[in-house]
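Residue numbers (our numbering), protein chains in the order written: chain A, 1 to 227; chain B, 1001 to 1214.
Watch out, some of these pointers could steer you wrong.
Far from chain A by the CB rule (all over 12 Å, computed), these chain B residues [as the list claims (entries may be wrong)]:
| # | residue |
| --- | --- |
| 1 | 1048 |
| 2 | 1106 |
| 3 | 1145 |
| 4 | 1151 |
| 5 | 1157 |
| 6 | 1160 |
| 7 | 1165 |
| 8 | 1192 |
| 9 | 1196 |
| 10 | 1202 |
Cut-off 25 Å, straight-line C-alpha distance, at most; resulting in silico cross-link-like pairs (SDA-like, lysine to any residue) [to be verified]:
| # | chain 1 | residue 1 | chain 2 | residue 2 |
| --- | --- | --- | --- | --- |
| 11 | B | 1141 | A | 146 |
| 12 | B | 1046 | A | 39 |
| 13 | A | 146 | B | 1138 |
A few chain B residues that face chain A, going by a derived Cβ cut-off under 8 Å, partial list only [what the hints assert, rightly or not]:
| # | residue |
| --- | --- |
| 14 | 1053 |
| 15 | 1132 |
| 16 | 1134 |
| 17 | 1135 |
| 18 | 1138 |
| 19 | 1142 |
| 20 | 1148 |
| 21 | 1150 |
| 22 | 1154 |
In short, the hints are calculated from the structure, not lab data.
Bear in mind the structure is a predicted one, so any value in this text is a computation, not a measurement.
All residues carry an ideal CB built from backbone N, CA and C; glycine is no exception.
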Amino acid sequence: MRVSLEDVTFSRGDFTLACSGVFEEGVHLVTGRVGSGKTTLALLLAGLLKPNTGGVRREGVKTLTLSLQNPEYHVTEATVRAEIASYRADPDTVAGRCGLAGRIDTDPFHLSRGELKRLHLACLFASEWDLLVLDEPFSSLDCVQKRRLCRWLEERGAGITVVFTHERQVLPGVDYLWEIADGGASCLGPIPEAIGRWRYAPPYLKQALEEGRVPNNIRFEDVREAT
Amino acid sequence: MKDARLRVFCTVALSFAAFYSVAGAAFVYLWWFLFSQRRRSLPAPKIIFLVAVPLAVAAFATEITSGGGLSYFFRLSAVFLVAFWAYGERVPGELLGAGASLFGNRIGFDLGLAGEMGMEALSSLEDDVAQTRMALGLKGKKWGFGMIISFGLAILHAQMRRSAERTALLAVRGYRGGGLICPRFTRTRSDYVAVVLAVIVVFLSFVPLSDVFI
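Isolated chain A, as found in the complex (with noise of 0.2 Å):
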């Protein structure tokens, strides 16, 4: 299973991204300032974007789907029950799952805007796909429940997830880096080796390479266990 990006370019306005590269079974995750073209990268790989040239060949995929940056560019059913049901997951499981089995017949437009992005996640979460991408997931968010969706996402057990984050904080165990800059995405290579590599790292595993430590990967608890 793998997501090809053969000579990729797409254009709006004075607005160019060129990439080339795969995306192989694991967690991608891509990283680029505001407005680099995380957002432009993240519809292409989920086909609702064409590119001006190349192509994006996806080679075993045949589930995938995107979370939007805003959770209510989704919504729509007028219940949460109604609005789990709409993902083809079961309600109770899921609203229990994301803390809000009390609130199962709220409308999702009562929720607050970090309830409806837990929901929405939940749902995603509660089913199999090969190819899942996630733009902005920890937007909205507060610490516990970034921790929550780092655990998500780590437990996913196979398929090809891409998160595109300029989250510093509360980051997921990741199996490749990414980074988008002047226009243009590269892969930065596998984890722990592209770590050194990467410009857009937390100021905490900043510290710790400049100290000479290496962590295994880029969650703040390997670099407290780095030596």
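On the provided structure of chain A, position chain B as indicated by the hints.
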């Protein structure tokens, strides 16, 4: 046309002229042909379609009920053409400068800010519609009549949330009304010609053509 003040003036004057009379609308088409970037001043075909269909339906209904539908369609199309030109030429932040420059740093700033926020909402609406349609597709739901309510609600909530965030940001920055801005505007000779011709178009829209071209 880089000077937002001149563009606002031309937009208001030409819209008024186009709506007032068929002759005015005809001159507005001519003005648009001379001073717009033509195809590049038009939005995506989908948006033109979305604007043209309700306009055509309203014109058709007017024509068969009380008459004047064709004139209505001709005049309103000219108004939309001017609106497309003005929207296509805009640069984020310039309305704020234009407002403050025209009406001062108190009322002008507030008017410019309101205009700027309205323009940004319009701009983000396009993105909201595209992303909501994508989200529907991801859930396997087909776009159709049955999805209109949830689709509208999703867009409405996205817009309201964005407005709330902007309001909070303004409050955090201590906004209580008015503000100081020192904009700079650049103009070319053709901008002045466009303004003068817009004024002439307004004049001609009022005066019966037989009085002018004897």
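Here's how the hints hold up against the structure:
1. 1048: It holds; residue 1048 of chain B is separated from chain A by about 19 Å at its closest Cβ, greater than 12 Å.
2. 1106: 33 Å, holds
3. 1145: Per Cβ check, residue 1145 of chain B is outside 12 Å of chain A; nearest 14 Å; holds.
4. 1151: 8 Å, violated
5. 1157: Not fine: 5 Å to the nearest Cβ puts residue 1157 of chain B too close to chain A.
6. 1160: Violated, since 9 Å does not exceed 12 Å.
7. 1165: 10 Å, violated
8. 1192: 29 Å, holds
9. 1196: The assertion about residue 1196 of chain B holds, with a minimum of 32 Å to chain A.
10. 1202: 33 Å, holds
11. B:1141 / A:146: Cα-Cα ~29 Å, so violated.
12. B:1046 / A:39: Holds. Residue 1046 of chain B to residue 39 of chain A sits at ~23 Å (cutoff 25 Å).
13. A:146 / B:1138: 24 Å, holds
14. 1053: 25 Å, violated
15. 1132: 5 Å, holds
16. 1134: 5 Å, holds
17. 1135: This interface hint holds because 4 Å falls under the 8 Å limit.
18. 1138: 6 Å, holds
19. 1142: Constraint on residue 1142 of chain B not satisfied, violated at 12 Å.
20. 1148: Hint violated; residue 1148 of chain B Cβ to chain A Cβ min 11 Å, cut 8 Å.
21. 1150: Result: holds, 4 Å to nearest chain A Cβ.
22. 1154: Because about 6 Å separates residue 1154 of chain B from the closest Cβ in chain A, which is inside the 8 Å limit, the hint holds.
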